[in-house]
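What follows is each chain in one-letter form.
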Amino acid sequence: MNTFTYARATDVADAVRQGGEVNAKYLGGGTNLVDLMRETLERPSALVDVTGLSSAITEREDGGILIGAAAKNTAVAEHRVIRTRYPLLARAILAGASGQIRNMATVGGNLLQRTRCTYFYDDDGSRCNKRDPGQGCDAIEGFNRIHAILGASPSCVATHPSDMCVALAALDALVHVTCSQGQRIIAFADLHRLPGDHPEIETTLRPGELVTAVELRFLPFAQHSIYRKVRDRASYAFALISVAAAMELDNGTVTNVRLALGGVAHKPWRALKLEASLKGQPATEKNFLAAADEELADAKPLAHNKFKVELAKRTILAVLAELAGDLS
Amino acid sequence: MPININGISIELPSDTRVSLLDLLRDHLDLAGTKKGCNQGACGACTVLVDGERVLSCLALAVQYEGRSVTTIEGLSAEGMLHPLQRAFIEHDGFQCGYCTPGQICSAVGMLGEAKRGLPSHVTGDLADGSIMLTRDELCERMSGNLCRCGAYNGIVDAIAEFAEAAQ
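Protein sequences appear in the order of chains A and B. In terms of this note's numbering, the first sequence opens at residue 1 and continues consecutively. In terms of this note's numbering, the second sequence opens at residue 1001 and continues consecutively.
What the hints contain is simulated information worked out from the structure, not anything from laboratory work. Heads up, a few of these hints could be off.
[To be verified] In silico contact screen, one side only, chain A against chain B (beta carbon under 8 Å); selected entries:
no. : residue
1   : 81
2   : 83
3   : 99
4   : 101
5   : 103
Remember, it's a predicted structure, so these values are computed and weren't measured experimentally. Backbone N, C-alpha and C fix where the C-beta goes; we use that ideal spot for every residue, glycine too.
One chain only, chain A, in its complex shape (with noise of 0.2 Å):
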């Protein structure tokens, strides 16, 4: 690990100043970043720990919530009216880690977590254009049975590991964010990158921008909803395939529909196809099996993540069998 100073910030001024040095991070739990610095794939040289900043969460006067940055995970999962209103996204969280990082890890700091791609980590041994841009990837000959199928490049073939960000793809959440220049508000699709010929860009934050906030916007179909996780180990292991979904029906008909993917892609993937084909059609199993297919249509497997494609669909499937029997 090479040294690095370390301050705490008194307040978002104070951090975005800090935060704005070259080479500086923001430091929240450390789940991730102090692992990144272990193995040298990151090497700041100033830490600001936005721990100290808002982590409250609060129900707004037009139904949505915001969650401050700082906010731990499982207090995210905690909350009484996240647990009701958004339980896709209570779920998501208590779906990913374990009791001890949930209880360190922050929302903002699983926002910008990065791939776990046995390459990128892999400093000394394997080509990675995300750690090396331009070195070449040999995820997409290699080993890649844990990686993308949809939205990948030449470049990259990685995935981003998040769950909360599945369930956050879902609601459409927005990223509230601040530097030097002024706030602004990122839709939620907006945040991550695909890689293209830039994968070591993996957000559309500028430098030195920091994450301040998470808001949920009212959106009251989301307490029927779902997410479910498939993982090598029955815990404690990141997603293969994932799936973030709320549902509305009207008489049988699909009124509303939110679905979003993780462990497919570089970034969380919402199926706007899947739902552009359910909304207005019967909640019928053939009809959901459909709009999977039309979804993963474009899916470009690799040599050893085939079943990914199928098992992605056989959990659309599951999720939505599962929404339409709980609302009929």
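With chain A fixed as given, assemble chain B onto it according to the hints.
Frame of chain A, contents of chain B only:
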């Protein structure tokens, strides 16, 4: 501001790179807390910070300035084993013992979480504020602590017995 370890105030090292785990083991000779994977995968380094279980390997000591840390050494009072330590002995909740301090600190933190109604991945009704600590619940909540000897049955029995007695 110092850090409090098992009730004793300690000055933090000047090197910001020192993890909480290395502070405990190498600087303070509190070798009860174990270094397993040193990357957040095994749970052997679990300690309690202000009563919450955390992984000391993924924590920089400097982040915990002003906080109170309890390690396995701090759980036993005046040479008397903590009742959960006695339950582990009673139920053969270990073989080599390397994961045991982490298992015990994790279980103490976990029981506090369950008591205040924190749901888990296997909790049926999220709206229900109280948790029945079934074997499934217990196993899911302890999944961040690996035991490579495979003493899981004894570990689960020990924690279940302690949880029941504590109620």
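Hint by hint, here is what the structure shows:
{"no.": "1", "hint": "81", "in the structure": "11 Å, violated"}
{"no.": "2", "hint": "83", "in the structure": "4 Å, holds"}
{"no.": "3", "hint": "99", "in the structure": "6 Å, holds"}
{"no.": "4", "hint": "101", "in the structure": "6 Å, holds"}
{"no.": "5", "hint": "103", "in the structure": "5 Å, holds"}
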